[in-house]
Amino acid sequence: MKSERHADFARLIAPHTDALFRAAYRLTGNRADAEDLVQDVCVRAFANLRALEALERPKAWLLKIQYRVFVDGARRRRRSPLRATADDLDASCASDDATPEEIAEGSIAERRILEALSRLDTEQRALLALHVEGYTLAELESITDLSTDVLKARLYRARVRLGKLLAEARSTPSLAMES
Amino acid sequence: MNCTDVAAILDDHALRRLSAAERCALDEHTAGCEPCALASRAQAALLALPLPAMPADLIERALRAIDARAPRRARPRVIIVGAVLAAGAALAAVTAARLLEMTGDRLATAPAEQGGTRDSAPTQTASPEGSAPALANGPDRQPVSVEDVQSDYVMMIRVPPEYPHDALERKVDGEVVVEYTIDKRGSVKDVRAVRSSDPQFEAPAIAAVSQFKYLPRVVAGKRIDVHGVQTVMRFTMSVSPPAAPPLATKAAETVRQFQLTKPPAAPPVGPTPGASADPSPGLAHPADYAIFDRSSAVAWKRAADEDFRGAELELDELRASYDLDDRQSNQVWGFYGYIYTQYGDYGRAIEAYEKAVAISNYAWPGQWTSLASLYFARHQYDKALKTLLDFKHESKSGRVSDEATAMIERLRALGVTEETL
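Protein chains in written order, with numbering that gives the first Met the number 0: chain F, 0 to 178; chain P, 0 to 420.
Bound-form chain F, shown alone:
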């Protein structure tokens, strides 16, 4: 019976794990925390399996849970993206035909973005991470329970702030290399 529940759960969640993981990575800035976050979401989802099965759009629900878990500061450990392991970068940046220079360049740009993201407010970061995943404002509304007007204003402010942080990082490139 237990394994049956497990199978039901795996079947239900499989189509959405990609989106969850992508959003989690943008939220947390590194793979290990992203996996932890997705696992947290899975534990909660499993506890509500029957309710989840009845939902028309489980993905929105799952993302909502993930958003909440993240924004509520449920992250027990915080790892800075600066401490992202080489493993992370290899996995994320290396493409077969990239030159070493390109890889290095990619890593620096990536670290810059992650570093800048990590300096945003939790909520700003969460909003941007979800939005860039391709969600419309209407969808974000249902995930975050914020009104469209509030969302627009916050997204705009978050982008401007992120832009500033990125500009600062570019003017002091050593910051991204410190680790």
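Simulated from the structure, these hints should not be mistaken for lab results. Computed from a predicted structure; not experimentally measured. One or more of the hints may lead you astray.
Output of the computed footprint for chain P on chain F, the stretches with three or more beta carbons under 8 Å from beta carbons of chain P [said to hold, decoys possible]:
(1) 4 to 13
(2) 18 to 25
(3) 37 to 48
(4) 54 to 61
(5) 127 to 136
Cβ atoms here follow ideal geometry from the backbone N, Cα and C, with glycine treated the same way.
For this one, chain F is given, so just place chain P on it according to the hints.
Quick look at chain P alone, frame taken from chain F:
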């Protein structure tokens, strides 16, 4: 193009779909507008952020995490609240909340499997008359006690279950969770054992519960069936030693205990030091209980037949003829409150319920919320809130039922809060 247009383009994910002319207009605007320039650069950077591939075994690992974090298997004395929630109906959920609250001090609470929102960490607390010491004391302390941990519904008549003979001989403690319906008359039907520590306890528990009588639940002036009510019946081998009177304190509000009338055959014990020193009334005077129970049964029967005047007379007589102990008084005043509410005589109903909850050790959650509802109905909002806060104060866990929480919220919406009292 202005800042609003730029924001809209970013919001609508339109950056990559812009026509050449739009692109030009955007560049023109951002060249002279620092915030928009920053915002669009940030958006572009976010889109460019490479994402690692999802680990292939993510689901597998999540399932392992689920297993690892699953509630520990409950010990026999533990109520699994999840099982209560699984009953589904809103009313059942209220009951579940009550069960959790009423038993919180003596449970290793298993996180509700179904109700994922309740994130209770397992807490282990020793019960004063825990089963292990009871077993150790076994031969010395023979009288058998049965506890029932009750739901929100006010029970008028309870019947002690028979301690299974075999369990008695082997000095085995046990617990059964029974689920049933309280019908429009207040009778119990459709009883089934949801869970038990040992199947041998199920039949006696079901037989006893089937004879329980409640005050029928009234919603919008009509009596209704209440499904999915659960009671936990705990069979323990000993009454508590005098050193640890379990019911003298607030524990009494959560667990009611009564003694089986016939103690096991050997050794003959009579009133043990525990029983006689136990301040919990009634244990020492089973005869009084018999009279009280008989009279309650008459009153209940009349109320069930909607002969409220007859029920009231029976209660009057009971009160005039006997010295009632606290538990009995609480029950009688609660019953009066119910009857007067049915009459529509809210003033007297309030008086009666006030007397019932004043005996706070024995007050039922349903009595607190009924009293608060009456105040609410009379627009005495501050008194309603005060009642609910007192309820909270008296409740050992500091939590109140969903019904009470909802009422506190409604009062808050009306501007009545703890601060305004």
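Against the structure, test the hints numbered earlier, and report the numbers of the ones violated in rising order. 4
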